[in-house]
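Asks: Sequence:
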Amino acid sequence: MDELALLFTMAKLLYVGGALSAASKLCELLEPLRRASSVELHTTLIRNEAAYFGCVTQLLKDYPPPAAQSLISRPPAATATTASEAVPSGSSPPPLYLCGDSHCLSAAWRLVTLRGEQRLLRPLLVTGCKVWHLRPASDFYPKKQFEASMRLLPDGAQVILVLGEIDCREGLLLAVQKGKYDSVAQGIDATVDIYLDVLRHMILKRGMEVFVHPVPPVLNETRAVVVPFTAALRTAVATARAADSALRQRLHYLDFFDHLLVPRSQQQGTAAAGTRNNAIISTTATVLSAVAAGNVGPTADTVTASQSAGAALDASSAHSAACGPQGEVLSAAARDNGPEGKECVKLGDAAAGEPGTDTPAGATAAAAAGWTLKPDLAFDGTHLAPTYVTVLNGALSEIP
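Read in order, the letters of the sequence shown are residues -21 to -1, 1 to 379 in mature numbering (1 follows the signal peptide of the UniProt record, and there is no 0).
These are computed hints drawn from the structure, not numbers from a lab.
Just so it is clear, CB atoms sit at the ideal spot from N, CA and C, and this is done for glycine as well.
A couple of the hints might just be wrong.
[Said to hold, decoys possible] With a Cα cut of at most 20 Å, we get these calculated EDC-like pairs of lysine to aspartate or glutamate:
| hint | residue 1 | residue 2 |
| --- | --- | --- |
| 1 | K184 | D168 |
| 2 | K184 | D237 |
| 3 | K4 | D41 |
| 4 | K123 | D134 |
| 5 | K40 | E7 |
| 6 | K159 | D118 |
| 7 | K353 | D237 |
| 8 | K122 | E96 |
| 9 | K184 | D134 |
| 10 | K123 | E96 |
| 11 | K184 | E126 |
| 12 | K123 | D176 |
| 13 | K40 | D355 |
| 14 | K157 | D176 |
| 15 | K122 | D41 |
| 16 | K122 | D172 |
| 17 | K353 | D41 |
| 18 | K159 | D172 |
[To be verified] Label pairs and their computed distance ranges (CB to CB):
| hint | residue 1 | residue 2 | range |
| --- | --- | --- | --- |
| 19 | A1 | S244 | 55 to 63 Å |
| 20 | D(-20) | A222 | 46 to 54 Å |
| 21 | K4 | R130 | 29 to 37 Å |
| 22 | K184 | P73 | 19 to 27 Å |
| 23 | G135 | P115 | 19 to 27 Å |
| 24 | F119 | D(-20) | 48 to 56 Å |
| 25 | P242 | A1 | 42 to 50 Å |
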């Protein structure tokens, strides 16, 4: 089992490092071994490695990067001493770095245009990274990996940061339940403050230009947290830009969140990613109502309801969360921060009705349940499909 985990990890490293041909061949060799397993790998200690392997396999099989033919295999970032060593050379466009948790994989090695120049999205994966991990007092391993990734980049590098989804999925609600914050709103403000400190350091100390990616709204169950978090982050970036001319020139918010969602009443075809059994989701009604009001606290009712919901979801939907539509390919589970994922508290879409505003970013947390991911952007249940790069590219094209 350990050997298989190492091979799965090798496939991830090859993909992240740009050796796409080698990654594809390795995935083809390993897939029969995965299928032959006598136990379902998402129930084992190598579930995270298997999940990443499934995501990489599915990306290469169903959404091969259009730039793949021009990429030349080079050392992955884990073995390179600078980011330039890990970037394909030759005629490839210059890199636009894409740093973050597993959500950076979907757009990796795709082509975009920034200020009229074609750029290659080069991933810098920081497995399981929460914004919370990046606070000054933290010494958890994702922070160390984030710092190592930043050291790979030259001063003045241009970086897209995609962070916050894991905070919204589990970190914030658990922190409120444990008494860290009095409300989810307070937790969001504190987390966004940490994010802004990271951005200021990158820009003011390293001279980087940073593009802030909105939190991917992939799960219906957590959208009641993602929507207010995204609104707070967008406002914080705008405020920081207005107050500091240096930030105004080198800090940008990629404002395409609204283009990822549609009202449920307009949704057609396949259910959006993240849908769960309604009977199980209903057990989270107490938690969702409290989140919508912004006053989730460490009370017996909310803790009990959320723990019951988390346990039920883990027991009943672990397989669907870790497998493709036909159960053939393991997906990159949203639990990419390791064993902590077993504590993941998911918010049910118990709140009903249409939002009171025209866009999800302007909706309240309670109304967020009225919006769902566009069907063509659903990928593996936990990530955006690479087709979303079209709207990402549109946002980049608006940067002056």
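Asks: Compare the structure with each hint and give your call.
Replies: We went through each hint and held it up to the structure:
For the suggested pair K184 and D168, the alpha carbons sit about 24 Å apart, so the restraint of at most 20 Å is broken. For the given pair, K184 sits about 32 Å from D237 by alpha-carbon distance, which is inconsistent with the 20 Å threshold. Annotation: proposed proximity of K4 to D41 holds, straight-line Cα distance about 15 Å (limit 20 Å). A threshold of 20 Å between alpha carbons decides the hint, and for K123 with D134 the separation of about 19 Å falls inside it, so the pair holds.
A C-alpha spacing of about 10 Å is found between K40 and E7, which places the hinted pair at or below 20 Å, so the restraint holds. For a cut-off of 20 Å, the pair hint linking K159 to D118 stands: about 18 Å separates their Cα positions. In summary, the hint linking K353 to D237 is supported, as the alpha carbons are separated by about 10 Å, within the 20 Å threshold. The hinted pair formed by K122 and E96 fails the criterion: a straight-line CA distance of about 32 Å is larger than 20 Å.
Between K184 and D134 the CA atoms are separated by roughly 9 Å; this keeps the pair inside 20 Å, and the hint holds. Between the alpha carbons of K123 and E96 the distance comes to roughly 32 Å, so the proposed pair goes past 20 Å and is violated. With a C-alpha separation of about 13 Å, the suggested pairing of K184 with E126 holds against the 20 Å cut-off. Between the alpha carbons of K123 and D176 the distance comes to roughly 16 Å, so the proposed pair stays at or under 20 Å and holds.
At roughly 17 Å between alpha-carbon atoms, K40 and D355 fall within 20 Å of each other, so this suggested pair holds. Between the alpha carbons of K157 and D176 the distance comes to roughly 24 Å, so the proposed pair goes past 20 Å and is violated. Distance check on the hinted pair: K122 and D41 sit about 32 Å apart at the alpha-carbon level, beyond 20 Å; violated. Note on K122 and D172: the hinted pairing holds, with a Cα-Cα distance of about 16 Å set against a maximum of 20 Å.
Under the criterion of a C-alpha separation no larger than 20 Å, the hint pairing K353 with D41 is consistent with the structure, at around 18 Å. Under the criterion of a C-alpha separation no larger than 20 Å, the hint pairing K159 with D172 is consistent with the structure, at around 15 Å. One distance hint, 55 to 63 Å for the beta-carbon pair A1 and S244, is violated here, with the actual separation near 46 Å. Evaluation of the 46 to 54 Å hint for D(-20) and A222 yields a pass: the beta carbon distance comes to about 51 Å.
For the hinted restraint 29 to 37 Å between K4 and R130, the CB-CB distance of approximately 31 Å keeps it satisfied. Between K184 and P73 the beta carbons are some 23 Å apart, a value that agrees with the proposed interval 19 to 27 Å. Take G135 and P115: their Cβ atoms lie about 24 Å apart, and the range 19 to 27 Å holds. At about 23 Å, the CB distance of F119 to D(-20) disagrees with the hint of 48 to 56 Å.
Between P242 and A1 the CB atoms are about 43 Å apart, so this pair conforms to the stated range of 42 to 50 Å.
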